[in-house]
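The residues making up each chain are set out below.
Number of protein chains: 2
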Amino acid sequence: MESQKFLLGIALAIVLVFSGASVYTHFVKAVPAPVDRETFYQVSTIDALMQGVDDGIQPVAELKKHGDFGIGTFDALDGEMIVLDGVVYQAKADGHIYQVADNLTTPFATVTYFDKDLTIITGQPMNLSVFSSVMGDRLPTGNMIYAVRMHATFPSMIVRAIPAQHKPYPTLAEASKNQSVYSYTDTTGTVIGFYTPVFFKGLDVVGYHLHFISDDRQTGGHILDFTVPANTTVEYDITPGFTMALPTSGDFTGVNLSQDQSRDLAKIEK
Amino acid sequence: MESQKFLLGIALAIVLVFSGASVYTHFVKAVPAPVDRETFYQVSTIDALMQGVDDGIQPVAELKKHGDFGIGTFDALDGEMIVLDGVVYQAKADGHIYQVADNLTTPFATVTYFDKDLTIITGQPMNLSVFSSVMGDRLPTGNMIYAVRMHATFPSMIVRAIPAQHKPYPTLAEASKNQSVYSYTDTTGTVIGFYTPVFFKGLDVVGYHLHFISDDRQTGGHILDFTVPANTTVEYDITPGFTMALPTSGDFTGVNLSQDQSRDLAKIEK
Numbered sequence: 036m037e038s039q040k041f042l043l044g045i046a047l048a049i050v051l052v053f054s055g056a057s058v059y060t061h062f063v064k065a066v067p068a069p070v071d072r073e074t075f076y077q078v079s080t081i082d083a084l085m086q087g088v089d090d091g092i093q094p095v096a097e098l099k100k101h102g103d104f105g106i107g108t109f110d111a112l113d114g115e116m117i118v119l120d121g122v123v124y125q126a127k128a129d130g131h132i133y134q135v136a137d138n139l140t141t142p143f144a145t146v147t148y149f150d151k152d153l154t155i156i157t158g159q160p161m162n163l164s165v166f167s168s169v170m171g172d173r174l175p176t177g178n179m180i181y182a183v184r185m186h187a188t189f190p191s192m193i194v195r196a197i198p199a200q201h202k203p204y205p206t207l208a209e210a211s212k213n214q215s216v217y218s219y220t221d222t223t224g225t226v227i228g229f230y231t232p233v234f235f236k237g238l239d240v241v242g243y244h245l246h247f248i249s250d251d252r253q254t255g256g257h258i259l260d261f262t263v264p265a266n267t268t269v270e271y272d273i274t275p276g277f278t279m280a281l282p283t284s285g286d287f288t289g290v291n292l293s294q295d296q297s298r299d300l301a302k303i304e305k
Numbered sequence: 036m037e038s039q040k041f042l043l044g045i046a047l048a049i050v051l052v053f054s055g056a057s058v059y060t061h062f063v064k065a066v067p068a069p070v071d072r073e074t075f076y077q078v079s080t081i082d083a084l085m086q087g088v089d090d091g092i093q094p095v096a097e098l099k100k101h102g103d104f105g106i107g108t109f110d111a112l113d114g115e116m117i118v119l120d121g122v123v124y125q126a127k128a129d130g131h132i133y134q135v136a137d138n139l140t141t142p143f144a145t146v147t148y149f150d151k152d153l154t155i156i157t158g159q160p161m162n163l164s165v166f167s168s169v170m171g172d173r174l175p176t177g178n179m180i181y182a183v184r185m186h187a188t189f190p191s192m193i194v195r196a197i198p199a200q201h202k203p204y205p206t207l208a209e210a211s212k213n214q215s216v217y218s219y220t221d222t223t224g225t226v227i228g229f230y231t232p233v234f235f236k237g238l239d240v241v242g243y244h245l246h247f248i249s250d251d252r253q254t255g256g257h258i259l260d261f262t263v264p265a266n267t268t269v270e271y272d273i274t275p276g277f278t279m280a281l282p283t284s285g286d287f288t289g290v291n292l293s294q295d296q297s298r299d300l301a302k303i304e305k
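Residue numbers (our numbering), protein chains in the order written: chain A, 36 to 305; chain B, 36 to 305.
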């Protein structure tokens, strides 16, 4: 009987070991499939935001599943979003930067996981207009989405942040008339944004769309202009995937998106 | 010893059962994370296809991971793609339908998983022009992507298929001059396609883009015109997610996508 108990003990031990292995294997295999790091993920469309579709539709917690790097805005157009190293910052119209709670929502945002594929050195100092043109022409192809990152001490950095709007929401053009503009000199920080191809018209800001946050995380916003110092390294993440989440309710479903709003957008964004 | 062998046998049996259960559980749990069934997945852009970017860039095997329902074309523009119930059909210019091998590639295709959200009854008989207009206006919102399915016996069905092209590839407008057109009467089958909103201009065929396949899987193609019989049920899958895979090499990177090609497209597609 002792030998029987001994064997039974071995049998149970074997069973437990196998069960344990099984649980461990489940743990390894049942984690969610890795996200596609080469996808540019977007909430809503820029033309909807232009029309005042400002209600947040996606919590920051969900947005962060799709990237650790990006830009956007918040519910009611309350400030400029900057996502860097997985932290979501809100540059508000009061000129300060806040880290945001996961339940804060966004009506428009764009994120990806930044994996550097390419660097281009700027050369001569450039303002935003020259940067957009020259550094657009120097991309391997204009028919691609790029995440853009540039760290430097900028001789000049002019950013804006729009204050929270109230319903009925105005158009972005109207809302931007009350934007706060801040100018900084010799500020060190990171430029964060994207380049999207011309066929993104209506969906996103075509070409370069850039936000800024200082190294001390005290200042930042949507870049209206800057001076990029000579020979600055611009890092690019080539992003051939695009995923967009359209709002299924709220103002989005009723708004007129058939007009070309690119001229109005250009006036506001730069 | 016999009892020892007996117990050892039980122990091994238990181990095997547990291992078996474990393997089974792995099978259940270790399948890839469920894809988002509410996403409209697209390979490349319609404007690239318009410009003759016809080299296949994605195998059908990969495309099928993103949907069991959809339309598109094949490498070198060789016929019209119809995906129904997970089977990929090729309507070739010879007027016949072929099931395709998983390694055949596509330069442009759009698929989703069809889950019916909505049905609309047509009313009066309609040709394609009337259908596109009336059934566009009757959607809950035009600012949404819908997968569209309609099964009926069509008094008239006119479809086209474009033959395989040769390099240097012509524009889609040029290639379509050699298309084969087939007219059928009282043919029973399924209309398969999508409705995309106006802000998809440049990316996809705005509005309705429909292909057809007969119940006997003998005839089909891109619909140039049809007669929808009275009171036909049109099924819609509301699809708020959009994912696009851009080509990272080949003709796509060099082609000029800055022109508005919607007029040329309208001439070809209907």
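Derived from the structure by calculation, the hints contain no laboratory data.
Mixed in with the good hints, there may be bad ones.
No copy labels: a pair is met if it fits in one copy or bridges any two.
In silico EDC-like pairs for lysine to aspartate or glutamate, Cα to Cα no more than 20 Å straight-line [to be verified]:
| id | residue 1 | residue 2 |
| --- | --- | --- |
| 1 | K202 | D150 |
| 2 | K99 | D71 |
| 3 | K212 | D172 |
| 4 | K302 | D250 |
| 5 | K100 | D250 |
| 6 | K202 | D152 |
| 7 | K127 | D110 |
| 8 | K100 | D71 |
| 9 | K100 | D251 |
| 10 | K100 | D260 |
| 11 | K100 | D137 |
| 12 | K127 | D90 |
| 13 | K151 | D90 |
Have a look at K202 and D150 and pick one of within, between, both or neither, based on CA distance no larger than 20 Å. neither (39 Å within a copy, 35 Å between copies)
Given identical chains, is K151 near D90, meaning Cα to Cα at most 20 Å, within a copy, between copies, both, or neither? neither (33 Å within a copy, 28 Å between copies)
How do K100 and D260 come out at 20 Å by Cα distance, when the copy is not named: within, between, both, or neither? Result: close neither inside a copy nor across copies, 31 Å intra and 44 Å inter.
Classify it for me, K212 with D172: is the Cα-Cα distance of at most 20 Å met within a copy, between copies, both or neither? neither (31 Å within a copy, 35 Å between copies)
Intra- versus inter-subunit Cα pairing at 20 Å for K100 with D251: Result: close neither inside a copy nor across copies, 25 Å intra and 45 Å inter.
If the cutoff is 20 Å on CA atoms, where do K202 and D152 land: within, between, both or neither? Let me know, please. neither (43 Å within a copy, 31 Å between copies)
Please sort K127 with D90 into within, between, both or neither, judging by C-alpha distance up to 20 Å. within (17 Å within a copy, 47 Å between copies)
20 Å Cα cut-off: does K100 pair with D71 within a copy, between copies, both or neither? both (11 Å within a copy, 14 Å between copies)
Within, between, both or neither: how does the pair K99, D71 come out at a Cα-Cα threshold of 20 Å? both (13 Å within a copy, 17 Å between copies)
I want to check one pair: K100 and D250. Are their C-alpha atoms no more than 20 Å apart within a copy, between two copies, both, or neither? For K100 and D250, neither the intra-copy (24 Å) nor the inter-copy (42 Å) Cα distance is at most 20 Å.
Using 20 Å as the alpha carbon limit, work out where K302 and D250 are close: within a copy, between copies, both or neither. neither (29 Å within a copy, 54 Å between copies)
One pair to classify: K100 and D137, alpha carbons no more than 20 Å apart. Within, between, both, or neither? within (11 Å within a copy, 31 Å between copies)
Violation of the numbered hints given earlier is confined to hints 1, 3, 4, 5, 6, 9, 10 and 13; the remaining hints are satisfied by the structure.
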